[in-house]
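J.: So the chains spell out like this:
There are 2 protein chains.
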Amino acid sequence: MIADMAQVRPVILSGGSGTRLWPLSSNDRPKQFLALTGEHTMLQLTVERFFKKPGFLPPIIISNARHRVEIERQMRDIGLDGMSLMLEPQPRNTAAAIALAAFRAQPDDILLIMPSDHVIADIEGFRLAIETALPAAERGFLVTFGITPDAAETGYGYIRKGEMLFPGMYRAGQFVEKPDGQTAQLYVTSGEYSWNAGIFLFRVGAFLKALASHAPDIFDACREAVDRGTSEGECFYPDEAAFCRSSSVSVDYAIMEKADHVAVMPVDIGWSDIGSWDALHAYLGGDEKGNVLDEKAVAMGVRNCLIQSDGPIVAAVGVENLIIIATADAVLVMPRGESQRVKEVLEEVRRKGR
Amino acid sequence: MIADMAQVRPVILSGGSGTRLWPLSSNDRPKQFLALTGEHTMLQLTVERFFKKPGFLPPIIISNARHRVEIERQMRDIGLDGMSLMLEPQPRNTAAAIALAAFRAQPDDILLIMPSDHVIADIEGFRLAIETALPAAERGFLVTFGITPDAAETGYGYIRKGEMLFPGMYRAGQFVEKPDGQTAQLYVTSGEYSWNAGIFLFRVGAFLKALASHAPDIFDACREAVDRGTSEGECFYPDEAAFCRSSSVSVDYAIMEKADHVAVMPVDIGWSDIGSWDALHAYLGGDEKGNVLDEKAVAMGVRNCLIQSDGPIVAAVGVENLIIIATADAVLVMPRGESQRVKEVLEEVRRKGR
Numbered sequence: 001m002i003a004d005m006a007q008v009r010p011v012i013l014s015g016g017s018g019t020r021l022w023p024l025s026s027n028d029r030p031k032q033f034l035a036l037t038g039e040h041t042m043l044q045l046t047v048e049r050f051f052k053k054p055g056f057l058p059p060i061i062i063s064n065a066r067h068r069v070e071i072e073r074q075m076r077d078i079g080l081d082g083m084s085l086m087l088e089p090q091p092r093n094t095a096a097a098i099a100l101a102a103f104r105a106q107p108d109d110i111l112l113i114m115p116s117d118h119v120i121a122d123i124e125g126f127r128l129a130i131e132t133a134l135p136a137a138e139r140g141f142l143v144t145f146g147i148t149p150d151a152a153e154t155g156y157g158y159i160r161k162g163e164m165l166f167p168g169m170y171r172a173g174q175f176v177e178k179p180d181g182q183t184a185q186l187y188v189t190s191g192e193y194s195w196n197a198g199i200f201l202f203r204v205g206a207f208l209k210a211l212a213s214h215a216p217d218i219f220d221a222c223r224e225a226v227d228r229g230t231s232e233g234e235c236f237y238p239d240e241a242a243f244c245r246s247s248s249v250s251v252d253y254a255i256m257e258k259a260d261h262v263a264v265m266p267v268d269i270g271w272s273d274i275g276s277w278d279a280l281h282a283y284l285g286g287d288e289k290g291n292v293l294d295e296k297a298v299a300m301g302v303r304n305c306l307i308q309s310d311g312p313i314v315a316a317v318g319v320e321n322l323i324i325i326a327t328a329d330a331v332l333v334m335p336r337g338e339s340q341r342v343k344e345v346l347e348e349v350r351r352k353g354r
Numbered sequence: 001m002i003a004d005m006a007q008v009r010p011v012i013l014s015g016g017s018g019t020r021l022w023p024l025s026s027n028d029r030p031k032q033f034l035a036l037t038g039e040h041t042m043l044q045l046t047v048e049r050f051f052k053k054p055g056f057l058p059p060i061i062i063s064n065a066r067h068r069v070e071i072e073r074q075m076r077d078i079g080l081d082g083m084s085l086m087l088e089p090q091p092r093n094t095a096a097a098i099a100l101a102a103f104r105a106q107p108d109d110i111l112l113i114m115p116s117d118h119v120i121a122d123i124e125g126f127r128l129a130i131e132t133a134l135p136a137a138e139r140g141f142l143v144t145f146g147i148t149p150d151a152a153e154t155g156y157g158y159i160r161k162g163e164m165l166f167p168g169m170y171r172a173g174q175f176v177e178k179p180d181g182q183t184a185q186l187y188v189t190s191g192e193y194s195w196n197a198g199i200f201l202f203r204v205g206a207f208l209k210a211l212a213s214h215a216p217d218i219f220d221a222c223r224e225a226v227d228r229g230t231s232e233g234e235c236f237y238p239d240e241a242a243f244c245r246s247s248s249v250s251v252d253y254a255i256m257e258k259a260d261h262v263a264v265m266p267v268d269i270g271w272s273d274i275g276s277w278d279a280l281h282a283y284l285g286g287d288e289k290g291n292v293l294d295e296k297a298v299a300m301g302v303r304n305c306l307i308q309s310d311g312p313i314v315a316a317v318g319v320e321n322l323i324i325i326a327t328a329d330a331v332l333v334m335p336r337g338e339s340q341r342v343k344e345v346l347e348e349v350r351r352k353g354r
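The listed protein sequences derive, respectively, from chains E and L.
Position 76 (the first sequence) corresponds to 76 in this note's numbering; numbering is contiguous.
Position 243 (the second sequence) corresponds to 243 in this note's numbering; numbering is contiguous.
FYI, nobody ran anything at the bench for these hints, they're computed from the structure.
One or more of the hints may lead you astray.
A pair holds if it fits inside one copy or across any two, identical chains being indistinguishable in the list.
Below are the DSSO-like pairs computed for lysine-lysine, each with C-alpha atoms no more than 30 Å apart in a straight line [unchecked claim]:
1. K289 x K352
2. K178 x K258
3. K289 x K53
4. K209 x K258
5. K352 x K52
6. K343 x K178
7. K289 x K343
8. K53 x K343
9. K343 x K296
10. K352 x K296
11. K209 x K178
12. K178 x K52
13. K52 x K258
Computed from a predicted structure; not experimentally measured.
Work the whole structure out from these sequences, hints included.
T.: Structure follows, in structure tokens:
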């Protein structure tokens with residue numbers, strides 16, 4: 001990235017509360033706070049991705065206020081400082097979260113929106129894509145980095161490529177949320193669709209203009225929340241009453257599916273949202289026996305298993321193709337390939353009143 | 001049992017420290033302290049078996065001193081009192097443990113020795129067997145209740161029947177410890193052998209005479225340990241220095257295999273030592289799907305599994321023929337039929353330094 005180019009401010013969305021990786025993840029300990037792929041948590045990996053790299057400004061992390069201590073602890077653990085934290089009093093989904101960052105920035109700032117709970121193996125490829133997309137963002141396009149799909153996933157949103165705007169970048173066509181399996185297969189084979197990974201690059205002014213036009217209540221609520229907010233060291237607290245008036249919708253639904261000047265740049269950067277235990281097994285690959293084991297696992301005659309624990313020793317003997325996840329409070333045992341059922345399992349656990 | 005017959009004093013051996021039911025059992029929490037078959041622990045069930053029943057005196061429990069609090073708690077929980085506790089400073093196996101009880105009793109007392117970690121489904125059948133065996137015990141026989149075998153188990157000791165002494169009672173022939181599978185099968189089909197369950201009935205004088213003859217060091221050490229011991233409420237502490245001079249051998253090895261006047265009475269009383277997770281599954285039988293689940297289990301599409309937990313919820317989905325045992329510290333997952341490997345698993349866990 002050449003020196004006189006605009007600097008990019010990463011904005012890291014850490015408000016998620018998924019439970020697809022139960023029992024390791026929970027509403028109190030969402031996925032971004034877990035070290036699933038190595039020593040560092042997904043939030044730490046996301047912050048480190050462009051931290052103090054040429055062309056990048058220090059990031060803003062947007063999170064629920066109750067996770068402040070955990071985030072500060074995780075940043076301290078990896079020796080990073082200079083974060084800005086924007087702490088939401090209540091979750092209001094991604095449109096409002098991004099709006100908070102936009103109102104704290106200057107109109108010509110370039111923001112790079114990244115979820116905190118995705119992994120990207122090819123960081124240099126991602127950096128090159130950002131560099132390539134910068135001119136479009138500076139010209140007012142809301143750029144989404146679409147992931148080139150490698151399977152007919154039904155859990156993702158898909159974006160169709162429209163006309164080519166620049167080499168490698170297209171006007172965004174139709175957005176389709178969670179198609180059925182047959183449709184997803186058609187999308188993948190057509191080569192016309194990318195997964196929507198929620199990674200965006202835009203100029204603040206362009207975003208706020210689209211927000212005012214397509215989601216004025218979010219615009220008003222978040223502008224007032226920032227105007228009336230309070231700073232405390234590196235933390236910024238939006239005004240609670242104002243912020244809670246905002247609609248709670250995704251930025252895709254509020255803006256990207258509706259605005260003009262939305263562009264999609266398909267990328268192939270080793271992305272995964274580690275959206276299930278099977279996805280983690282696939283991402284990490286497995287040893288010569290096909291196992292993904294953490295240090296708590298004691299495996300004897302075990303093949304093609306995923307074993308993860310945040311506390312108890314897990315001794316597995318003579319089993320194959322199982323997912324075994326253990327915490328001091330709950331243990332999950334299921335065959336590989338079934339991990340989309342975790343939500344259903346968790347509902348059953350809760351239904352039984354435990 | 002008719003009123004003028006000798007009363008029987010149960011002596012319950014609670015010194016065991018097995019780990020075959022790891023991770024629920026451990027040296028700190030051996031099997032007899034676990035509630036494996038219902039609400040009550042195996043020790044509680046053993047004490048309750050003849051508690052305040054006609055013909056039976058209050059029991060003596062012999063245990064390691066460090067388990068005193070746990071035993072007192074378990075007795076209080078089921079509202080039992082009047083126990084005598086004999087608390088060993090160090091474990092010295094069953095010959096010495098039984099000797100302690102014998103030296104505390106009168107020469108003509110009849111003792112019923114029972115391990116604390118076996119289940120007996122047919123208590124009335126057991127009581128009838130005791131009643132039948134009493135005359136032989138009174139005449140000086142050391143009676144062992146042999147379990148009629150229903151499988152070629154290689155983990156047990158076998159006792160061959162000798163000449164018939166009374167209807168249903170035989171002089172004990174050869175004792176064979178843990179035969180190989182082929183030999184065990186021959187024993188079972190011959191009808192000549194019973195399992196040695198460590199359940200004995202004898203007059204104190206007869207036992208001590210045999211002890212003096214075949215294990216004089218145990219006799220001397222335990223007599224002195226009782227002579228110099230101290231009482232504290234319901235508890236009796238043998239003298240440590242004296243007791244620790246005793247050999248540490250089983251009563252089978254020290255006496256039963258060597259003494260004259262050893263009799264075996266084969267019984268079929270729904271006995272199990274719950275010596276493995278598979279044995280627990282077999283004993284409890286399973287529901288209409290073949291599952292044995294405890295209250296911590298949440299099972300969806302699960303068949304023929306054993307799931308036990310002393311803490312964590314265990315959610316199992318779509319698995320079959322598995323043993324899943326969970327504590328806050330360790331989780332075991334293995335196929336049914338493999339639970340003899342628990343010891344090997346535990347060694348591997350320890351080898352890895354956890």
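J.: A separate judgement is required for each hint: does it hold in the structure or not?
T.: Status of the hints after comparison with the structure:
| no. | hint | verdict |
| --- | --- | --- |
| 1 | K289 x K352 | between (37 Å within a copy, 19 Å between copies) |
| 2 | K178 x K258 | within (18 Å within a copy, 77 Å between copies) |
| 3 | K289 x K53 | neither (38 Å within a copy, 59 Å between copies) |
| 4 | K209 x K258 | within (13 Å within a copy, 98 Å between copies) |
| 5 | K352 x K52 | neither (49 Å within a copy, 40 Å between copies) |
| 6 | K343 x K178 | within (16 Å within a copy, 48 Å between copies) |
| 7 | K289 x K343 | both (28 Å within a copy, 24 Å between copies) |
| 8 | K53 x K343 | neither (38 Å within a copy, 53 Å between copies) |
| 9 | K343 x K296 | both (25 Å within a copy, 18 Å between copies) |
| 10 | K352 x K296 | both (29 Å within a copy, 10 Å between copies) |
| 11 | K209 x K178 | within (28 Å within a copy, 83 Å between copies) |
| 12 | K178 x K52 | neither (36 Å within a copy, 68 Å between copies) |
| 13 | K52 x K258 | neither (34 Å within a copy, 82 Å between copies) |
When the structure is compared with the earlier hints, violations turn up for hints 3, 5, 8, 12 and 13 and for no others.
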